[in-house]
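Let the hints inform the model, and build the full structure from the sequences given.
So the protein sequences, as listed, match chains A and B. Here the first sequence is numbered in the UniProt record's numbering, starting from 1 and rising by one per residue. Here the second sequence is numbered in the UniProt record's numbering, starting from 1 and rising by one per residue.
Derived from the structure by calculation, the hints contain no laboratory data. One or more of the hints may lead you astray.
Unchecked claim - In silico DSBU-like cross-links for lysine-lysine, where the CA-CA straight-line distance does not exceed 30 Å:
(1) K253(B) x K10(A)
(2) K53(B) x K21(B)
(3) K185(B) x K149(A)
(4) K227(B) x K133(A)
(5) K246(A) x K133(B)
(6) K185(B) x K227(A)
(7) K250(B) x K115(A)
(8) K238(A) x K250(A)
(9) K67(B) x K238(A)
(10) K10(A) x K149(B)
(11) K43(A) x K149(A)
(12) K227(A) x K115(B)
(13) K227(A) x K149(B)
(14) K246(B) x K67(A)
(15) K21(B) x K185(A)
(16) K250(A) x K115(B)
(17) K227(A) x K227(B)
(18) K246(B) x K227(A)
(19) K157(A) x K185(B)
(20) K185(A) x K115(A)
(21) K157(B) x K157(A)
(22) K253(B) x K115(A)
(23) K98(B) x K185(A)
(24) K67(A) x K185(B)
(25) K10(B) x K149(B)
(26) K227(B) x K250(A)
(27) K227(A) x K250(B)
(28) K250(B) x K67(A)
(29) K133(B) x K227(A)
If you're wondering where the values come from, they're calculated on a predicted model, not measured in any experiment.
2 protein chains.
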Amino acid sequence: MNIVFIGAGKLATHLAVELTKHSFNIQQVYSRTDSSAQELAKKVNSRATSDIKKVDTNADIYIFSVKDSALPSLIAEMPVNNGLWLHTAGSITSDIFKGHVDRYGVLYPFQTFSKDRQLNFREIPIFIEANNKNDLSLLENICLQISDKVYALPSEKRQYLHLTGVFACNFVNHMYAISQHILEKENIPFETLLPLIDETASKVHSLSPQEAQTGPAIRYDENVIQKHIDLIEDPDLKEIYSLISKNIHKTNKS
Amino acid sequence: MNIVFIGAGKLATHLAVELTKHSFNIQQVYSRTDSSAQELAKKVNSRATSDIKKVDTNADIYIFSVKDSALPSLIAEMPVNNGLWLHTAGSITSDIFKGHVDRYGVLYPFQTFSKDRQLNFREIPIFIEANNKNDLSLLENICLQISDKVYALPSEKRQYLHLTGVFACNFVNHMYAISQHILEKENIPFETLLPLIDETASKVHSLSPQEAQTGPAIRYDENVIQKHIDLIEDPDLKEIYSLISKNIHKTNKS
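What follows is the structure, given as structure tokens:
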């Protein structure tokens, strides 16, 4: 099966490399930036282009993995063909393809992708969608070769999934970043925090997050909460601390 | 070495159980609630009391592990003796003991403790403090028997450490709780989120949190950010989403 990648970012790279391990052929890689297209093409033994109009029209699958804002114009400019067009975006409905191409859908791997991180793709949940039964079945079969966790999910629900990804990954990571910044100022190594970070993540495998909660906010220990707000210099962070503490308390009461 | 525990909560229980594994004797357990005192005493083959005035005066070490707000009155009411008095609170200075007893300090294990969670104590950083060199050395030796990571840290710095614990554990856990709530409404199992939660925690072992960041906030993708705020029903959560997104963007620019 021949696949074209539109985009050569972190998600595209992880996905393309994984697919080649399972004997899919990455026929071509497009990126707006020629060097990025070349870099991914080299990794997966493919050809590169930075001209969307020169994308091959004879591939089986086209995977768009680009910034949300770049997607509409790329779809409009790409030569029409008979392949199955897919995007990998959490918050864009599948019908962004409607009117441009007959066969389309979504392949959304629910994970955070960084350069040089090895990931076990078998563990990554992949949420799929297609505008006809045959293509949904085709897409499921493709995804099951790289992951054990493949689920059909309509666009309306996928957007909520994406939202939880922002809370449980991006915002969590920002809590780590805030902590690192505070520790650096006190000359305490960030490594000190890793056992706590790991246990916090590990706990919710066996307890619900609500059962797992500890600390001053859930006890609504106003003394500690006020001391902490006084320790924080940045007014925006004071506000974030205060709002999340109140929300923990409110959630626990209800 | 004979130890008395003042308090029988989650931290006290984990610590007392661990100390008994390393041949410390838990001589007595006090808790305001008789059944809690009994429960921990039974676990560590000790005696229980719910009368602070009946605490033994001949032990070597007294570990206060109670709510911050309960600490001052317990210290004032407990019979004075020649033991080393310690508390386990992140945000209370060691001199809360001053004037009540000659030998005092802090034993602060930097971890989140839940009932029925097995923890590897050797990995838990313990931050210690004492009002004289001999007791600091004694305390260090005690802690090194249960953990490989024992550090002397003054109260002023410990309060910042505690603050980062709130961000990196309690607030992180609340991000998980918010996510669970959203997923439940969409009938998507919370387990779906676990690979993302694990990878987010795992990443910061090898990348700094700032390098590890992904998602709409760091790209400042205002379309997705606005879509997500529209999806959230609770006005407090809308505000939390918006504030953290702005803060991620601000941190990234600076």
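Evaluation of the provided hints:
no. : hint              : verdict
1   : K253(B) x K10(A)  : 21 Å, holds
2   : K53(B) x K21(B)   : 28 Å, holds
3   : K185(B) x K149(A) : 21 Å, holds
4   : K227(B) x K133(A) : 29 Å, holds
5   : K246(A) x K133(B) : 41 Å, violated
6   : K185(B) x K227(A) : 36 Å, violated
7   : K250(B) x K115(A) : 23 Å, holds
8   : K238(A) x K250(A) : 18 Å, holds
9   : K67(B) x K238(A)  : 23 Å, holds
10  : K10(A) x K149(B)  : 36 Å, violated
11  : K43(A) x K149(A)  : 26 Å, holds
12  : K227(A) x K115(B) : 27 Å, holds
13  : K227(A) x K149(B) : 27 Å, holds
14  : K246(B) x K67(A)  : 19 Å, holds
15  : K21(B) x K185(A)  : 37 Å, violated
16  : K250(A) x K115(B) : 23 Å, holds
17  : K227(A) x K227(B) : 36 Å, violated
18  : K246(B) x K227(A) : 24 Å, holds
19  : K157(A) x K185(B) : 10 Å, holds
20  : K185(A) x K115(A) : 28 Å, holds
21  : K157(B) x K157(A) : 45 Å, violated
22  : K253(B) x K115(A) : 20 Å, holds
23  : K98(B) x K185(A)  : 29 Å, holds
24  : K67(A) x K185(B)  : 28 Å, holds
25  : K10(B) x K149(B)  : 21 Å, holds
26  : K227(B) x K250(A) : 25 Å, holds
27  : K227(A) x K250(B) : 25 Å, holds
28  : K250(B) x K67(A)  : 20 Å, holds
29  : K133(B) x K227(A) : 29 Å, holds
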